[in-house]
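Chains G and W, in that order, give the protein sequences.
Note that our numbering numbers the first sequence so that position 132 is 155, with each residue one more than the last.
Note that our numbering numbers the second sequence so that position 48 is 57, with each residue one more than the last.
One or more of the hints may lead you astray.
[Said to hold, decoys possible] To give a feel for the contact side, a few chain W residues facing chain G, derived at Cβ under 8 Å:
(1) 127
(2) 131
(3) 132
Quick caveat, the hints were computed from the structure, so don't treat them as lab data.
For glycine and all other residues, C-beta sits at the position ideal for the given N, C-alpha and C.
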Amino acid sequence: MPSLLRFENVCVTFEGTVKALDRMSFDVQQGQTRVLLGAAGSGKSVLLKVAMGLVRPTSGRVFVFDQDITNMPEKQLFDVRSRIGMLFQESALFDSMTVAQNVAYPLLNQKAISIKREEMEPAVRNSLRFVELEHTLERYPSELSGGMRRRVAIARAIVTKPQLLYYDSPTAGLDPITAHTIMALLIKERDADKSTSLIVTHRYQDGNLIANFRYNPETGRLEPAGPEGTSTVYMVLKDGKLVFEGSQEELELTTDSYIDKFVRRPEPAEQGGREE
Amino acid sequence: MLDFLKSPIAAIQEFFELAWQAVRNIGRKPHYLDDILIQMDSIGVGSIPIVLLTGFFSGAVMALQMGRALAQYGQTGQTGKVVSIILVRELGPVLTSVMVAGRNSSGIASELGSMKVTEQIDAMRALGTDPLKKLVTPRLVATAIMLPCLTVIDDFVGMVGGWVIAKLVYGLPSLQYWTFTWRALEWNDVGQGLLKPFLYAFAVSLVGCYYGLKASGGTQGVGRATTQAVVAASVIIFVLNLFIGKIFVSQSAS
Numbered sequence: 024m025p026s027l028l029r030f031e032n033v034c035v036t037f038e039g040t041v042k043a044l045d046r047m048s049f050d051v052q053q054g055q056t057r058v059l060l061g062a063a064g065s066g067k068s069v070l071l072k073v074a075m076g077l078v079r080p081t082s083g084r085v086f087v088f089d090q091d092i093t094n095m096p097e098k099q100l101f102d103v104r105s106r107i108g109m110l111f112q113e114s115a116l117f118d119s120m121t122v123a124q125n126v127a128y129p130l131l132n133q134k135a136i137s138i139k140r141e142e143m144e145p146a147v148r149n150s151l152r153f154v155e156l157e158h159t160l161e162r163y164p165s166e167l168s169g170g171m172r173r174r175v176a177i178a179r180a181i182v183t184k185p186q187l188l189y190y191d192s193p194t195a196g197l198d199p200i201t202a203h204t205i206m207a208l209l210i211k212e213r214d215a216d217k218s219t220s221l222i223v224t225h226r227y228q229d230g231n232l233i234a235n236f237r238y239n240p241e242t243g244r245l246e247p248a249g250p251e252g253t254s255t256v257y258m259v260l261k262d263g264k265l266v267f268e269g270s271q272e273e274l275e276l277t278t279d280s281y282i283d284k285f286v287r288r289p290e291p292a293e294q295g296g297r298e299e
Numbered sequence: 010m011l012d013f014l015k016s017p018i019a020a021i022q023e024f025f026e027l028a029w030q031a032v033r034n035i036g037r038k039p040h041y042l043d044d045i046l047i048q049m050d051s052i053g054v055g056s057i058p059i060v061l062l063t064g065f066f067s068g069a070v071m072a073l074q075m076g077r078a079l080a081q082y083g084q085t086g087q088t089g090k091v092v093s094i095i096l097v098r099e100l101g102p103v104l105t106s107v108m109v110a111g112r113n114s115s116g117i118a119s120e121l122g123s124m125k126v127t128e129q130i131d132a133m134r135a136l137g138t139d140p141l142k143k144l145v146t147p148r149l150v151a152t153a154i155m156l157p158c159l160t161v162i163d164d165f166v167g168m169v170g171g172w173v174i175a176k177l178v179y180g181l182p183s184l185q186y187w188t189f190t191w192r193a194l195e196w197n198d199v200g201q202g203l204l205k206p207f208l209y210a211f212a213v214s215l216v217g218c219y220y221g222l223k224a225s226g227g228t229q230g231v232g233r234a235t236t237q238a239v240v241a242a243s244v245i246i247f248v249l250n251l252f253i254g255k256i257f258v259s260q261s262a263s
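Construct all of the structure, not just a fragment, from the sequences and the given hints.
Here it is as structure tokens:
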């Protein structure tokens, strides 16, 4: 499988002393889903920003689609970024634009994406239909609830059909029902487009859903993925260091006290509730 | 030993880098004409009421004080001349710029600051736009066009304010007031009266953008950025005013 994202000994230091990432190395292959767990301030969001070329590493190298983006000029980075979708932590929708304008933004502004004017509206509608928010086209982000904003941001991230997707804390600050809806959308996106993704979260349940459930397009619901499972790899970050990389089984078998804090074995009743 | 100087020098360097980029982007594609027009409306048209009010009352109070001072020399008739020169050369550009700084440097800093802390600036870069081209350059261009226009309005309204006082308080004939007002002005005055706001526009817009884009630390950071932007922009305007004033005074003396 080709590598879509590779970190080689990446360090990021802020203001000369604060180490946000410390000798980080990993390789994300096509079709994989990476779940990044870690406490607040462990460097999860910085990792995504480095992977997007928004923050430059202090040392080490970053490869996206086998291109070295470490010192790539901003102009060239736009082409790389046009193949990546990103959901920001607080959705980061543009307040001054309607939902439709927000979703159309990457189509209009990514130079590498050429789309005809008449194809624009159907693409925006399709993307919003995917997150079940087609009726909000003309509304402004401030008029939407937190969960709806997050869904619009997902629609904006996937409207260009990117090969690689980064989700920064997609369920942070949301109630359990909305959080489940968001995770279901992420699974639906993964299964529909066979995309590769990095999901930053501090909730073990999110990773559990991603790793063990798949989307059934016929019923429109999530169902257990079956024995073949999904191609999910867990990574745990602590103080900017990668302290764990492996499967869910390996994660659950770990005895490390820090990692153990993120592992919560879901109870049967809770699991059933999520399937609804 | 000189470590305390590092941070202000770095800030100045960052500011000039931003300014250079913003100016260089004027000639580079893509041009966000829509954004320029929106900003011209917000910064220019939106500032007209405050400029009308401050212009009128500052012209009026100047006529009031000058009229009394000139009366000691029996020169009340010259009120229009004094009002017009001070307004066009100094008070109009400075007052308009400071008012617009108070209204728009803060507005720009808080808008961009909010965008920064809610990751909208990062999102912009992630979605294919250079925030300097999309946000900073349109604000610079809009302010550079609108601030001289606002200054002309302020100057005129100030003269009207002076005329009202000259007529009502000192009983000067309208024709005399307006003749002195008109004749007092030379091209040099008009030149500096328009050049000043054009230059102050850089301070008003870029200082707001600089502090906005540097904002960090949530809503508190945005508040801090807003305050710093207004203070810095106003101080820069006054400092620049002295230097530009000196250049024009030397020029007209020679």
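Verification of the hints:
Of the supplied interface hints, the one on residue 127 of chain W holds, with its beta-carbon coming within about 5 Å of a beta-carbon of chain G, less than 8 Å. The beta carbon of residue 131 of chain W comes within 5 Å of a beta carbon in chain G, closer than 8 Å, and the hint placing it at the interface holds. For residue 132 of chain W, the suggested interface contact is upheld, since its CB lies about 4 Å from the closest CB of chain G, less than 8 Å.
Checked against the numbered hints above, the structure violates none of them.
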